[in-house]
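Undergrad: Add chain B to chain V, keeping to what the hints say.
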Amino acid sequence: MPKDSGIGASSKRREDVRFLTGAGNYTDDINIRGQAYVYFLRSDIAHGRIKSIDTSAAEAMPGVVRVFTGKDFEGVSGMPCGWEVTDKHGAPMQEPPHPILAQGKVRHVGDPIAAVVADSLEQARDAAEAIDVDIEELPAVLDMKAAAEEGAPLVHDDLKNNICYDWQLGEADDDKVNEVFANAAHVTTLELVNNRLVANPMEPRVAVAEYSRGTDEYTLYTTSQNPHVIRLLMCAFVLGLPEHKVRVVAPDVGGGFGTKIFHYAEEAFCTFAAKACNRPVKWTASRSEAFMSDAQGRDHVSKIELALDADNNFVGLRTHTYANLGAYLSTFSSSVPTWLHGTLMAGNYKTPVIQVNVRAMFTNTVPVDAYRGAGRPEATYQLERVIDKAARELGVDPVALRRQNFITQFPYDTPVALTYDTGDYNGTMDKLEQAADFAGFPARRAESEARGKLRGLGVNCYIEACGIAPSNIVGMLGARAGLYDAATVRVNATGSISVMVGAHSHGQGHETAFPQVVADMIGIDESMVEIVHGDTSKIPFGMGTYGSRSLAVCGSAMVKATEKVIEKAKKIAAHLLEASEADIELKDGQFTVAGTDKSVAWGDVTLTAYVPHNFPLEVEPGLEETAFYDPANFTFPAGAYACEVEVDPETGQVTIERFTAADDFGNIINPMIVDGQVHGGIGQGIGQALLENCVYDENGQLLSASFMDYAMPRADDVPFYTVDHSSQTPCTHNPLGVKGCGEAGAIGSPPAVVNAVIDALQSGGKAVDHIDMPVSPSRVWAAMNS
Amino acid sequence: MTQVSMTVNGKTVSGDVEGRTLLSSFLRDHLSLTGTHVGCDTAQCGACVVHVNGEAVKSCNMLALEADGAEVGTIEGQANPDGSLNVIQQAFQDHHGLQCGFCTPGMVMSAAALLKENPRPTEAEIRKYLEGNLCRCTGYHNIVKAIMAASGQDVSHIAAE
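Order-wise, the sequence lines are chains V and B. Everything in the first sequence is counted per the UniProt record's numbering, starting at 1 for the first residue and increasing by one. Everything in the second sequence is counted per the UniProt record's numbering, starting at 1 for the first residue and increasing by one.
One chain only, chain V, in its complex shape:
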């Protein structure tokens, strides 16, 4: 019987009412009296040396307040990278400067060269056209392998080459790995591309900054997933401002998907310019700007080799990946191809020997950083594609081959640095087989074939490391931040509760799901609990929302703080009931003396906390507690996905007929919201597999720079999905037993789609064993007819 409130209930989202009535408050909805507007003049050349910038004509244009160039930021630190990766020889990664406005060179199309602040956006834009920039064009560095060669043009003149780092994880002894492969009964090799994507949250980025001369205080409103992180980075590493004088607010944010984690130059610029111009300044990205300036995702070129013994057991895995970082190191870019990718190469399988090699490259393209899944989709895609190929080469059932190699004992130490605490991969696969109706597939295939279509079934598994992350571990791995989170539970005198959380909700429904937990713990109505997020002036601290961490990390802090509140409230209740604190029980909002009918209501205790006439002298008045929570381990959501496609052999058109996800997220707070998160992830995964591709031409021009050219999934590109999360092995190390669900769909779905397409083509007698994503009609047709 589904619950109707509290933990496990599909409570309707309270935030929906404002979004459905136009009453949301997104950053672009914020206007400050007297504000000026910023327009960034961006490079239309991928790589070039700036010979001169003449802003005099622009400065004389109507309405222009001031024109800034890189010169105005000499002596100001550039944008920092939050993760120092150590290469396989023990040396730190090469870390070039990333100026707020270009200095000396432009390094990608969209690199900001100058910024015009004017009374209106139109005036700023008109004036930017009057800026005279002389740039000597240089050869663009684009192909990653060519960029690694001796003598290749350098993206950063001060670096020794274009390689940020050569990194390795797992078995370091090449001879041992070679021996495993030499002795294998079968080796399957696959070279593949994980296509570059643009995150494209529907709300473009915006920054509005103001400065008060009277108090020397700054306020930055920005489209961020983590306002405290932005404040910390901007104050401590970029502008050198006192943190207590800077307030960062991320109000309603229209989707993030990773690309709104990072600290961007535009945020620092607006904050700087608000003081320099002594006016509030506002910048709103156009979608075209978003394509050229939001950190992009994926872009790996990999070779993966899987070794199997004569009984089809996985005995070795080796990967070589080129990872594109773009022109500059975005905030967490260096961690994505390494610690968020290499560590996941074991997948759900007990492969004893694994070696992961990653070479990260600078190129003249937009920086690349975390996008939904961040490294884990790249790992899953390689692994699940090579397993599928191996099954086809060996003539065995792809599901059976997976089952045979599943990890079944927990905890399990992988050869790539993780300890999986719990899981039930066979149980989850059982759920998938049922939910996806594998038994009915032959009949569906026959029906498709009768209509002249090829039908394929693709299956894959995934595992992800979420709930990032234990600070001591990530610190050892190079993170320059701790990844705990914090919550304050403030109980008001009348018993209602404000919970200030460091997580940020930009679609995940925290305002609904988090109160379900607190209300359930106390036994009061959910409507009595409100979540406050997104404002550094209201919340003690927080590391924000990404890596499917909000509930697992911040939710745990919230539980801890609520426990502290209850503990104190019990002291007050014991005093009021003239009983021992140890005998007080809290249930359904009533404090009761165990074994008696003596009780006092939640609201009476909270009122007493603030009107402490009859109060235990050793207890402080008030009822407010803060807790920080640093996770003991990552969480490990895992699942099995199935996709059925139809391929039109005449045109190569692929249609998704059925898509089924079976996920193990551990315990679930709000099933409706969890399903929605999975749906969204699948939508993006199907987008990557079939439609989306970020393409640069040979000169570094971004060809897919609008929704006209970058194929976002639309409503008629996808089917209804079937989502099953009844396989539940609770996380063993956080209080709610939750694992996180935000990224699973995007991680698990691309290989299912491609596996299904290959299955369809092979069922039609086509000797096709791989097609790179996006599996567009032209690529499918070419593969079928080559």
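Accuracy of the hints is not assured; some may be wrong.
[What the hints assert, rightly or not] So, partial list: chain B residues that the calculated Cβ filter (under 10 Å) puts toward chain V:
#1 Thr7
#2 Gly10
#3 Leu33
#4 Cys40
#5 Arg127
[As the list claims (entries may be wrong)] With the Cβ distance kept under 7 Å, some of the chain B side facing chain V (calculated, not the full set):
#6 Lys11
#7 Leu63
#8 Phe92
#9 Gln93
#10 Cys103
#11 Pro105
#12 Glu125
#13 Lys128
#14 Glu131
#15 Thr138
#16 Gly139
#17 Tyr140
Honestly, the hints are just simulated from the structure, not real lab data. From a predicted model like this one, the values you see are computed outputs, not experimental measurements. The C-beta atom is built at its ideal place from N, Cα and C for all residues, glycine as well.
TA: Relative to chain V, chain B alone:
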């Protein structure tokens, strides 16, 4: 600057605009009706859909002056007179048809226009009609389901909320 007048959500409004002022910026910047969102610059995303004389229109693709004298409806005018959510809005909440909420105003306005011309659309008809409305959060599942529910169709057979 030219004066423009129109009726927005039943109220007569006017303002001085440049020739290049878009209807979307007139609504957002002049009238502070910020429920209408702008998510792209190529008339693709549909976050800015409003009703002009009863038709769904991308307000980023129409000049304010072109709407002179028109009846304009925006998301702010969609709720029932008592302030409660209308049938479509309520279905979006009931079926979790929105996450970040940015595309939502356009989705609701498009759905209203669809149901006006086709009161009981099939799943395929809904998906086809929404081609001009991008959503990055929901994978469209619950949006399509919500619109089917708003049209009075039984959606209990559609897997998962």
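Undergrad: Now tell me, hint by hint, if it's right for this structure.
TA: Results for each hint:
1. Thr7: Constraint on Thr7(B) not satisfied, violated at 17 Å.
2. Gly10: With Cβ-Cβ at 15 Å, over 10 Å, it is violated.
3. Leu33: It holds, given that the least Cβ distance between Leu33(B) and chain V is near 7 Å, below 10 Å.
4. Cys40: holds, 4 Å
5. Arg127: holds, 4 Å
6. Lys11: violated, 14 Å
7. Leu63: Violated. Min distance 14 Å.
8. Phe92: With a minimum Cβ separation of about 6 Å from chain V (threshold 7 Å), the hint on Phe92(B) holds.
9. Gln93: holds, 4 Å
10. Cys103: Constraint on Cys103(B) satisfied, holds at 5 Å.
11. Pro105: Nearest chain V Cβ about 6 Å off; hint holds.
12. Glu125: Since the shortest Cβ distance to chain V is 10 Å, the answer is violated.
13. Lys128: holds, 5 Å
14. Glu131: holds, 5 Å
15. Thr138: Hint on Thr138(B): holds, closest Cβ of chain V at ~5 Å, below 7 Å.
16. Gly139: holds, 3 Å
17. Tyr140: holds, 4 Å
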